[in-house]
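Could you put together the complete structure from these sequences and hints?
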Amino acid sequence: AAAGPPLQDSERTLQACVSLRQARSLSSLGCLPTPIMSRISDALFGSTAKVSIAFADSESRTTVPVKVGESEVQQLLFGPDDAVTGQVTIDYPGTKKFEYTGIRLELIGQIELHFEKSSTYEFTSLVRELDGPGELERTKSYSFDFSEVEKPYESYDGINARLRYFLRTTITRQYGSKVAHEETFRVHTTSLEPETNNAIKMEVGIEDCLHIEFEYNKSAYHLKDVVLGKIFFLLVRIRIKHMEVAIIRREQTGAGTPNVSNESETIAKFEIMDGAPVRGESIPIRLFLGGFEQLTPTFDHKNGKFSVKYFLNLVLVDEEDRRYFKQQEVNFFRKEL
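Those letters in the sequence shown? Residues 1 to 337, per UniProt numbering, in order.
For the record, the hints were derived by calculation from the structure and aren't laboratory data. Take these hints with a grain of salt, some might be off.
Derived pair list, reagent style DSSO-like, types lysine-lysine, alpha-carbon separation capped at 30 Å [to be verified]: (1) Lys269 to Lys302; (2) Lys230 to Lys269; (3) Lys326 to Lys309; (4) Lys201 to Lys309; (5) Lys326 to Lys269.
Source: prediction; values computed, not measured.
Right, here's the structure in full:
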């Protein structure tokens, strides 16, 4: 068949709009994956812009390691009263005109509950409008300053709960997909030692078989503290092979709902005795907490969404590999950043 007359500019625009509408329809039905949809949009309206965020004091600010999936990344650490300042840079490598209807930056504090689909709860949100409608040719930069922003809670990454702070840059467009970029940062909060911090003393045992008394020097410890204690064997009629102390973290989400979930994980484990004890023997306990980056402060129902508690778990194992244990809750707090 003979080729038709060349398309005029208005016809090309109409055809592009129809093509994009069809592509969006297919995408909404799940027929077109998001990356393909983005490539169609880029082909019609130009390549996408690249967004980067640089914090003003990133060279001097402390970083902390955070596990993301199977890898570990370094995130900048902020205190609850620290200003969050820096620069957003938008680079456009394409040759076509890149038009946008606005550019905004948000600082968000958010709790994510993984056991519920798409359950996110914002407790802090500030918005800065960086730019109105315009065009991007090569590179644009915008300074930002969040000097007075509430950061009341400590960052946390658990099994079913995550509390994080991040900056989100969004470029909105009349045509083509919007461009969004997020940059997560870490927040640590400090607290004072409880006014009452008594020693813990308990007696446990099995009638006519085992009777022990254990004590810990305090009930609350800061994250660089040392747990000191003793185990006294008052009666021993079973053959004990070894004894260990473990730090257990228990995370609860969905309290007060049908979806309540409790997850426990062992943060650290120490063998404090190898071999059979005798009546009257005393075993010392000395646990240095500073080497465990996974430790966090105790969280008491943060924003009503989740809680984190810690326990010292004393475990005795006999020669038949039977295990006898006793858990004791302790509080952890962050003394300094």
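Evaluated hints:
1. Lys269 to Lys302: Holds, at about 27 Å.
2. Lys230 to Lys269: 17 Å, holds
3. Lys326 to Lys309: 16 Å, holds
4. Lys201 to Lys309: 19 Å, holds
5. Lys326 to Lys269: The given pair, whose Cα atoms are some 14 Å apart, holds under the 30 Å limit.
Checked against the numbered hints above, the structure violates none of them.
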